[in-house]
Structures are given as structure tokens and as C-alpha cells.
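Given the structure of chain R, go ahead and fit chain G onto it with the hints provided.
2 protein chains.
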Amino acid sequence: MNDDCVFCKIIEGDLPSHKIYETDDLIAFLDAEPVSKGHALVVPKKHVETIHEAHDMDYMWNGIVKVSTAVKDAFNAEGVNVEQNNGEVAGQEVMHMHFHITPRYTGEEIEIEYDRTELKSGEKLAEEIRSEI
Amino acid sequence: MNDDCVFCKIIEGDLPSHKIYETDDLIAFLDAEPVSKGHALVVPKKHVETIHEAHDMDYMWNGIVKVSTAVKDAFNAEGVNVEQNNGEVAGQEVMHMHFHITPRYTGEEIEIEYDRTELKSGEKLAEEIRSEI
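Line by line, the protein sequences give chains R and G.
Quick note: the first sequence, position 37, residue 1235 per this note's numbering, numbers continuous.
Quick note: the second sequence, position 71, residue 1269 per this note's numbering, numbers continuous.
Pulled out of the complex, with its shape left as it was, chain R reads as follows (with noise of 0.2 Å):
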């Protein structure tokens, strides 16, 4: 619990939310800005800011199916995104990790304009990582 963290309230339940899935460990409720019909959030009740702190939460991985699928179900979607954002410059807006669960429909996608690149150096870059594994 962090007393200025707004899904922290909604978990507590000192701020309304439209609650769609509870466990003892995590919480699913709707967004309350959806960018489309169905958009929820999957987020842990313990208070961690990023992925990056979520080693011990691998219950986190049955919500997320369980509501991505009862997204898709209830509204006959197309297609789902599944989107976790940590830190400011990947967009994350709430300090509080989640993730979006948003439903994807024919004719209402959305415009991602990714700069792909070619890769180079990869075996460079794929040593570097591993070294931090």
C-alpha cells in the first residue's frame, strides 16, 4: 500500500473502479480513459512500480490470460493488445505496474508507427545481454 498511488485506492477500495477480476494477489478493472470497448488493466495488489521488481509474480501471468480472454469473448473482438509499460519515456502514467488489456476491433485499428531497423551487430548485443542474465 502507497498512500499516493491511485491503484493502491482502488485496490483498497478508497477510489471506485468497475472491478471485472479479483484474486488474493492481483486485481482487474476497467480503464477509466479506454481506447476501445473493453480496455481493462491487470494490476498485482502489492505495490511494485515496475516489472523490474516482480520477480516472485508469476501469478500475474493467469490474470492476464484469463482477462485478455474474457475481453475478446464478451465483445467479440478481433484481436487483443497485452501492454506493460515501465518508466516515464516507455509512457508509463501510473507508477503502480499493470497491464493493458485492450481489445482490438476490424476497422478501428490503431496507427503504430514503428521505425524497424535492420539488425546489426546482433551477436554483440545479444553477449551483453546475456551477460546481465
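Take these hints with a grain of salt, some might be off.
Note that the list lumps identical chains together, so a pair holds whenever it fits in one copy or between two copies.
In silico lysine to any residue, SDA-like type, Cα no more than 25 Å apart, as pairs [claimed, not checked]:
id, residue 1, residue 2
1, Lys1235, Gly1289
2, Lys1235, Val1204
3, Lys1243, His1216
4, Lys1243, Met1255
5, Lys1318, Asp1256
6, Lys1244, Glu1281
For the record, the hints were derived by calculation from the structure and aren't laboratory data.
Leaving out everything else, chain G in the frame of chain R:
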């Protein structure tokens, strides 16, 4: 193993990749068309198309957390996006479930124009989703 699947071929070693992490159940390697330095994919060895078939794959969590943290640490990224797309309408290109792990760097933000709206009829929507869980 799906004979037509490029990720199954990478997993089998029939196509090259820059591998960064591997367990009995999953593999992580660099994206061949990175959107940022260190852009990696975490992929289950079992061929499933979407997250909706992945109820028994909570081993993915550990891979996602480990790789997200390693790419951040390897290149001193200020943030990381974790993203998983289901269905063509959601931007899925390879029909074998995978998580994009994309480090973000200050000055290299990507602009995503989400058309956020105010939630309406939230409790009705929540009830429709709850009935699917």
C-alpha cells in the same frame, strides 16, 4: 512444432537467431528488425498462436521479467515496453505467441497516439466481461 512457423524453426535451430536466454520451455532472442537497441522477443517453445491458448504457460512470467531487466541493464535504458499482440488486427505478424521486450531511451520516445475516451456504461461492460471469466 509447426513446419510453417519461423519461430518454430528458430527454436529447432533450423533458422539462425541471436539467442539471449533459454529454458526447457522458452527461448529469448533479438528481434531481427529492432525498433530500439536491445529489442528482444520472449517465445514459448510450444507452438501456440495467441495468449488465449496459454493458460498453462505461467513459466513465461519468469522469462519476461528476466529479459526485460537484462536488456534494461545491458544498455542503461531508461524504460522498457512489454508488448504482446494477438490477431492481425492487433498487429500480430508471426502467428506464434511472443512478447516484445523493447528498451526505451530518452530522446528516442515513440509517439503513440491513443484515442483515449471517457469510460461510459462501465458497470454494464464490466458485468459482460465478468460473465466470461
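Which hints from the list above does the structure break, by number from lowest to highest?
5
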